[in-house]
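Q: As a plain string of letters, each chain reads:
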Amino acid sequence: MKTLAELAALQQLTYQGSGDVEIHSVGTLEHASKDQISFLANSSYTKYLKNTQAGAVIISQEVAGQYSGNALIAEDPYLTFAYVAQLFESLKQKPNQEKAKIHSSAVIEMPETLDESVAIGPLSFIASEVKIGAGTVIQSHVSIGPGVNIGENCLIKSGAKIEAGCHLGHRVIVHPGAIIGADGFGLARGSDGWVKIPQTGVVRVGDDCEIGANTTIDRGAIEDTILGNDVRLDNQIQIGHNVIIGDHTVIAGCTAIAGSAVIGKNCLIGGGAGIVGHIEICDGVVIQAMALVTHSIKKPGSYSSVSPLQPTKQWQKNAVRTKQLDKMARKVNQLERKLND
Amino acid sequence: MKTLAELAALQQLTYQGSGDVEIHSVGTLEHASKDQISFLANSSYTKYLKNTQAGAVIISQEVAGQYSGNALIAEDPYLTFAYVAQLFESLKQKPNQEKAKIHSSAVIEMPETLDESVAIGPLSFIASEVKIGAGTVIQSHVSIGPGVNIGENCLIKSGAKIEAGCHLGHRVIVHPGAIIGADGFGLARGSDGWVKIPQTGVVRVGDDCEIGANTTIDRGAIEDTILGNDVRLDNQIQIGHNVIIGDHTVIAGCTAIAGSAVIGKNCLIGGGAGIVGHIEICDGVVIQAMALVTHSIKKPGSYSSVSPLQPTKQWQKNAVRTKQLDKMARKVNQLERKLND
Amino acid sequence: MKTLAELAALQQLTYQGSGDVEIHSVGTLEHASKDQISFLANSSYTKYLKNTQAGAVIISQEVAGQYSGNALIAEDPYLTFAYVAQLFESLKQKPNQEKAKIHSSAVIEMPETLDESVAIGPLSFIASEVKIGAGTVIQSHVSIGPGVNIGENCLIKSGAKIEAGCHLGHRVIVHPGAIIGADGFGLARGSDGWVKIPQTGVVRVGDDCEIGANTTIDRGAIEDTILGNDVRLDNQIQIGHNVIIGDHTVIAGCTAIAGSAVIGKNCLIGGGAGIVGHIEICDGVVIQAMALVTHSIKKPGSYSSVSPLQPTKQWQKNAVRTKQLDKMARKVNQLERKLND
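Residue numbers (the numbering used here), protein chains in the order written: chain X, 355 to 695; chain F, 355 to 695; chain S, 355 to 695.
The following block holds chain X by itself, in its conformation from the complex (with noise of 0.2 Å):
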């Protein structure tokens, strides 16, 4: 518990109403409790602010002059609200489950090695020559190749493989069934079938990534497939081999980029969007859902591919007009010349 007095002093942030309130947990502007304290950082949800139960509500400076309730004031009430969640979530924790310990089911092939800090989860397997940063923790079914190098206070979480030789930084997420360093898909074409290349690389992650559900992200062929640091990617993304993703840049779900593909840092690519291989996108780019990337982006900004939503009888008419676009736009130019004769 916090009153909005003491979250105020832990932010550094002022506050209106009543410092007194006790603050247990976080809510919903719609569903909040007296005990909760909720936030406004959409303005779509402004209409919840006026009847919310809420504690205390996070708003702007401008939002706070309209609204008399208790309330923390804050330049960015989203980031505010990340980390008062945090905190509550941070006093959640129970430190006797929390205490590092070594399941009796897991298999460790070398568990002298092991810090003592570090705890590992039923049924898992840690591989030979294995390290593992203090702190971290290792949940159940997760399997852990051998070379493997993980930093500081990771959580790989149920059912993650991590893959013969790949590394991971400090501070790093590795969602459920998530799997790093899988072959890459390289094949030559033989006489008689595909001849398959072997995947020699690995797949480096810097700090503070965090890799989501079932995401897989393929090892390099030759060379290294490459995550900077505070890499963020969403669930069921596919990366393939020897791509190369810069810092900070966040990833949403269902996402493939192919092999050799280099992301600059601060991108934004939407869910289920593509992109080919050996291209270049450069910093600062926003890729919207579901487009396809084809060919190198060097200037920042967002870009778009998707034919807009219709009622499928209208897309119809239309659809099949796509397909003599060409022979229309011929047809408009010699329209033009007649015209201008």
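Heads up, none of these hints are tricks.
Heads up, the list lumps identical chains together, so a pair's fine if it works in one copy or across two of them.
Simulated pairs of lysine to aspartate or glutamate, EDC-like, Cα-Cα distance not exceeding 16 Å:
1) K619 with D546
2) K404 with E416
3) K653 with D637
4) K667 with D680
5) K550 with D561
6) K550 with D430
7) K388 with E376
8) K550 with E443
9) K455 with D469
10) K485 with E470
11) K356 with D389
12) K619 with D637
13) K455 with E470
14) K401 with E384
15) K455 with E466
Quick caveat, the hints were computed from the structure, so don't treat them as lab data.
Dock chains F and S against the given chain X, drawing on the hints supplied.
A: Chains F and S in isolation, oriented as in the chain X frame:
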């Protein structure tokens, strides 16, 4: 084994031909043998009816008039086929194999709380404070997090992971590799990088739902992610945090639904589709394969967005014109004005 | 280690420069060191040839004329590189680690039936009535369902699940997290909700296939889902029930193929593509990335459907016009008639 007459009686339907023919299983019109029953539900398979070797066929009244073989007459042959196939499937079950049991290699933190009718497969992990309903079967390599609540007669297949605190209703099937309750993708931009928003909600799945192989359903950020009753999800689907999906909605493989989207009841959502966050889709909406839904839909009906397939050479000519469409439309309007003058 | 002359002899190729140069591994033109061999297969990398530090380079006859360094002359440098890389990879294998063995933590229902050359990794589960061919290696956390039949010299990687009754040929590689034989998505609409169609077929995978990480291949509804020989599937692919895929077909990541689609031989299917159900694609078809195939294809060649990427501001102007295309086309035809009068 059932005779055609017995099947008809069980389904409360009439039959034509010999009621004594013995049926042991189901088959396709094209390949069924004399001891199998087949069905005709899709007119494109009518060509196989004439020469089918099936011992009996499930057909509609209309088709029955043109077919002289043994037949079970059904209003909806596909639905009747489903019931008949389920019947033969249930007859196949060998009682000894299905006996409830806890495999000795499973790790169960509180075994004393498990109902004796619950089966836990090899190498699965059941955390503390878990409730599992009578008759539920958990296969191998499953991880059930602390505080999870699973209803009766569920089937949790190999390698599925159900994270802390999530709820499943009765008769839910979770297919291999599915992940229920991984963290949603919530980040606020701080001065030094991304700040993670703790994901403190859970996932609530209603009765009679099916969650496909390697599908991921994220836990809510503050409140919960919710699936109604009889929601059917195919494989490799991504459901973002705080999504709500109505009863009887069916979603095909590889579809991605972003956070806080609300999907109505009785919707059919095509494979590989995308639905952006914070929008609402009303009941009875059909989204065609790979369509991207970027705004709320308030009217039932079918919606599409994908450009039609073309030979690549033809596509190249037309695609370049899609980038000049606005210019072309203005030119056409100009020509029209000129011509009208 | 091999000398350039030895490599040339093994590959039955000629070389130029010093045959005595000792090669220990492969590298890229840009970063290879003196004891590595590199290759030039893509002309966009020609710029790196001049300054490469590689001890030798695999190049074509034409390129060899312009290069004075040590070189292995190949008709298809990429294919030769594949063979050379495989050779060095095989030399790396440490015989002691590769010795066949059954890990003590594996759960094997009928251990007496396993060939002594089979290796089973930690915490894997092998159900009853399973056949595994000589030389096959099964890694950790793998689940092999009852009645599964796996050929010789296969590699089943960490966390893969092969469901009851499925068949794999020889030399098949199943990458981590892949799921072979989950239920197909078969539902009939009943009066109270969806009725599940039992999925009683299996998956049959031919020889020399590769199944990517977290890829899912559904079992057939009545008959089987079938992959021919030398079919190569990348990661995160979804193959629906009763799909048939011809020999040597290669499918890139995140592609979804709906039920009962039949794909020919020697097809190349781009990443993130979609193929609807119940259609046929002939041999030798190339589907570009993220294209949606909605009808059968009877002519070999390349097919595309995705709209080209544009800056979002430009896209907004053009996209709105795609919804008016039919209207525009009618107007153009009207203007043409008017002008011709």
